[in-house]
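Q: The lines below spell out each chain.
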Amino acid sequence: MKCYLGIDVGSVSTNLVLIDKENNVLFSLYIRTEGDPISAIKKGLKLLKEKIPENAEVVGVGTTGSARQLAGVITGADLIKNEITAHARGVAHFIPDVKTIIEIGGQDSKIIILENGVVVDFGLNLLCAAGTGSFLDAQSFRLKIPIQEFGKLALSSKQPTIISSRCTVFAESDMIHKQQIGHKTEDIVAGLCQGLARNFLANIAKGKNIKPPIVFEGGVSENLGMRKAFEEALKEKVIIPKYNTVMGAFGAALLVKEMSPQKSKFFGFGVIDKDIKCTSFQCKGCPNQCEVIEARIDGKVMARWGDRCGKWSNLNMNNI
Amino acid sequence: MTIGIPRALIYWKRPDFWQSFFENLGCDVLLSPKTNKEIIEKGVKSADPETCFSFKVFFGHLLWLDEKCDFVFVPCLKTNKEKLEYCPKFFGLPDLAKILTKTPILTETFDERKEKFEKTLKKLGKKLNKSRTEIQEAIKIALLKEKETKEKQKKDFFEKIKSKKPKIVLVSHPYNLYDDYVNLRTKEKLERLGAEVIFIDEIPIDETRNEIYPKFHWEFAKEIMEKVQAILDYDIAGAIEISSFQCGCDAVLKEFVEKEFKSSKIPFLYLIIDEQTGEAGLQTRLEAFIDTLKS
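Residue numbers (the numbering used here), protein chains in the order written: chain S, 1 to 320; chain B, 1 to 295.
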């Protein structure tokens, strides 16, 4: 059975999705990257190897997410795709007439506007990670509420308090202040969700033509409080699609399937046991002093990147 | 005598003119090198944190020239010949420069509400003890040189517009467009993705065109808006505006630029650059933007 693998490596989570020719999901996985994308990819592949049907053959691999380059190099990907295209492709599979996608992940948030299943406009958070999963994580830790309970708690609030949403640093001090003057935790949590939704719509989604159907996906879409906050702010129903937390990986799998590589470059599951290392050095060739990243599998240089001039990244790897 | 010119901000507005002018006055011109990491670090360290990224870059170039020449040329640009104002930060530039450098600053105030450009240039030349005729000759040659470049640019534009590749217009100030360290080689990245890149300032303007854009206070706003409207006559696939972090003027201008492209159904992408900008984030946006055009 021919299968296609999508790998989405982000700042907070690493996701893998395996699909068959009929786009059925055979395997999906959401694990934390925990600051170590290489180990996360290896771990993901290992878990996939344990579960993969015996007759399955991976005939295409697509990577996406902020570590797509690295993931592509160490797995031997056939397609390395930006996360906007990947998410849009994934969502459009489930909801073909989708017009707006709100995706909030670990450290970035995006809005994608589609017409007839095609991306026509998008926005990403520009300079800070305000209102993304990492911030919610930090607050749930501070309030000693497990992140899985965070959204449910927000729903129980009858009187959400107003939390400043312009910047998460201010939001945090505002929350502390509200605690100190005696607001209930659920009201603060609900206020925070509202603030983040407001912040998203005022910054990332500013000037975008938001039309229903609106889809909300990414890790933060698991949060019931955020779902409600978006529905209230948008005055529209918000759809949470199937595989909402691994949509990027699903999209990457679909895209590589559509590309249908003649012969996959996939290295196979052998990489799990290989020694994969990334090192960096500072090039002294010019005053730019670029930091060049070098990826090695079992000591062999697989790729280099990070240089502005291309002196290192263009080196033919076969000659090393 | 050596005149240092920082390869930043004002320089990019008329690169040929200034260099040629001083050279034809019999001076040696020392241009600071292309922006690099060292220059940015110098600039960021010395500039006020509230200032925009482009000014930080300028200060880096200024400090690079310090003690390497007899004068550093930093004009005070106030208004152009249409009596439109330059960015207010340009006004104070020579005064700020004087605080930072040991090398004396050569300056003159260009305010065409009060005085013709040529007249101010003559005052500038006199500071270097040049005669009237020497200065006049230098102006003439410099203007000719500038005209030549403009004509070549116009020719190139019509070549580019014939290209079969998707054409993308990059909208920004010349000091962002032509400094590829600052814009993280956006042009090259787009070309690698298969696009034909046109800089907004390369677009020729038909003088007989009716003004339809709103009246602006700033010279660059008028220039950018009239060129945005001019490019809409051609078949372009998309437009990308690049803005320096903390540029107040761009915050206003962006709204108009975006509206103009979007009302013509041309995909538009807005990017902000600063000393922290990561290449990965930029690459993601450009790739996604190109994907948008393909479909």
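Don't take every hint at face value.
Straight-line alpha carbon distances no greater than 25 Å define the calculated DSS-like cross-link-like pairs of lysine-lysine that follow [as the list claims (entries may be wrong)]:
| no. | chain 1 | residue 1 | chain 2 | residue 2 |
| --- | --- | --- | --- | --- |
| 1 | S | K208 | B | K259 |
| 2 | B | K140 | B | K122 |
| 3 | S | K237 | S | K99 |
| 4 | B | K34 | S | K99 |
| 5 | B | K68 | S | K284 |
| 6 | B | K294 | S | K211 |
| 7 | S | K311 | B | K78 |
| 8 | S | K311 | B | K262 |
| 9 | S | K99 | B | K45 |
| 10 | S | K206 | B | K262 |
| 11 | B | K78 | B | K265 |
| 12 | B | K34 | S | K284 |
| 13 | B | K145 | B | K13 |
| 14 | B | K262 | S | K99 |
| 15 | B | K254 | S | K311 |
| 16 | B | K259 | S | K99 |
| 17 | B | K34 | B | K45 |
| 18 | S | K284 | B | K262 |
| 19 | B | K262 | S | K208 |
| 20 | S | K206 | B | K127 |
| 21 | S | K211 | B | K127 |
| 22 | B | K262 | S | K211 |
| 23 | S | K208 | B | K294 |
| 24 | B | K127 | B | K78 |
| 25 | B | K265 | S | K206 |
| 26 | B | K13 | B | K227 |
| 27 | B | K127 | B | K102 |
| 28 | B | K37 | S | K284 |
| 29 | B | K254 | S | K208 |
Looking from chain S toward chain B, a few residues come up when the C-beta cut is under 8 Å (computed) [to be verified]:
| no. | residue |
| --- | --- |
| 30 | N82 |
| 31 | T85 |
| 32 | I95 |
| 33 | D121 |
| 34 | F122 |
| 35 | L124 |
| 36 | G207 |
| 37 | K237 |
| 38 | I240 |
| 39 | Q282 |
| 40 | C286 |
Note that these hints are calculated values from the structure, not bench results.
As the structure is a computational prediction, the values presented were derived from the model and not from experiment.
Positions of the beta carbon are idealized from the N, C-alpha and C atoms, including for glycine.
Q: Now tell me if each hint is right for this structure.
A: Going down the list of hints, with the structure as the test:
1. S:K208 <-> B:K259: Judged against 25 Å, a Cα distance of about 11 Å means the pair holds.
2. B:K140 <-> B:K122: Holds, at about 12 Å.
3. S:K237 <-> S:K99: holds, 13 Å
4. B:K34 <-> S:K99: violated, 44 Å
5. B:K68 <-> S:K284: The hint holds at about 24 Å.
6. B:K294 <-> S:K211: holds, 22 Å
7. S:K311 <-> B:K78: Not satisfied, since the Cα-Cα distance of roughly 43 Å exceeds 25 Å.
8. S:K311 <-> B:K262: violated, 39 Å
9. S:K99 <-> B:K45: violated, 45 Å
10. S:K206 <-> B:K262: holds, 14 Å
11. B:K78 <-> B:K265: violated, 36 Å
12. B:K34 <-> S:K284: Distance ~17 Å between K34 (chain B) and K284 (chain S) Cα, so the pair holds.
13. B:K145 <-> B:K13: Answer holds: K145 (chain B) to K13 (chain B) is near 14 Å, not above 25 Å.
14. B:K262 <-> S:K99: Distance ~17 Å between K262 (chain B) and K99 (chain S) Cα, so the pair holds.
15. B:K254 <-> S:K311: Since the Cα atoms of K254 (chain B) and K311 (chain S) sit roughly 36 Å apart, the hinted pair is violated (cutoff 25 Å).
16. B:K259 <-> S:K99: Satisfied, since the Cα-Cα distance of roughly 20 Å is no more than 25 Å.
17. B:K34 <-> B:K45: Status holds; Cα separation ~18 Å.
18. S:K284 <-> B:K262: violated, 44 Å
19. B:K262 <-> S:K208: The given pair, whose Cα atoms are some 10 Å apart, holds under the 25 Å limit.
20. S:K206 <-> B:K127: violated, 51 Å
21. S:K211 <-> B:K127: violated, 63 Å
22. B:K262 <-> S:K211: holds, 16 Å
23. S:K208 <-> B:K294: holds, 20 Å
24. B:K127 <-> B:K78: OK: K127 (chain B) and K78 (chain B) at ~20 Å, within 25 Å.
25. B:K265 <-> S:K206: Holds, at roughly 17 Å.
26. B:K13 <-> B:K227: At roughly 15 Å apart (the allowed maximum being 25 Å), K227 (chain B) and K13 (chain B) satisfy the hint.
27. B:K127 <-> B:K102: Cα-Cα ~19 Å, so holds.
28. B:K37 <-> S:K284: holds, 12 Å
29. B:K254 <-> S:K208: holds, 14 Å
30. N82: holds, 4 Å
31. T85: The hint holds - T85 (chain S) has a Cβ within 8 Å of chain B, the shortest such distance being about 4 Å.
32. I95: Check failed: Cβ of I95 (chain S) comes no nearer than 17 Å to chain B, outside 8 Å.
33. D121: holds, 7 Å
34. F122: With Cβ-Cβ at 6 Å, under 8 Å, it holds.
35. L124: Because about 6 Å separates L124 (chain S) from the closest Cβ in chain B, which is inside the 8 Å limit, the hint holds.
36. G207: Hint on G207 (chain S): holds, closest Cβ of chain B at ~7 Å, below 8 Å.
37. K237: violated, 26 Å
38. I240: Violated, because the Cβ-Cβ distance from I240 (chain S) to chain B comes to roughly 23 Å (cut-off 8 Å).
39. Q282: Interface hint status for Q282 (chain S): violated (10 Å vs cutoff 8 Å).
40. C286: Result: holds, 7 Å to nearest chain B Cβ.
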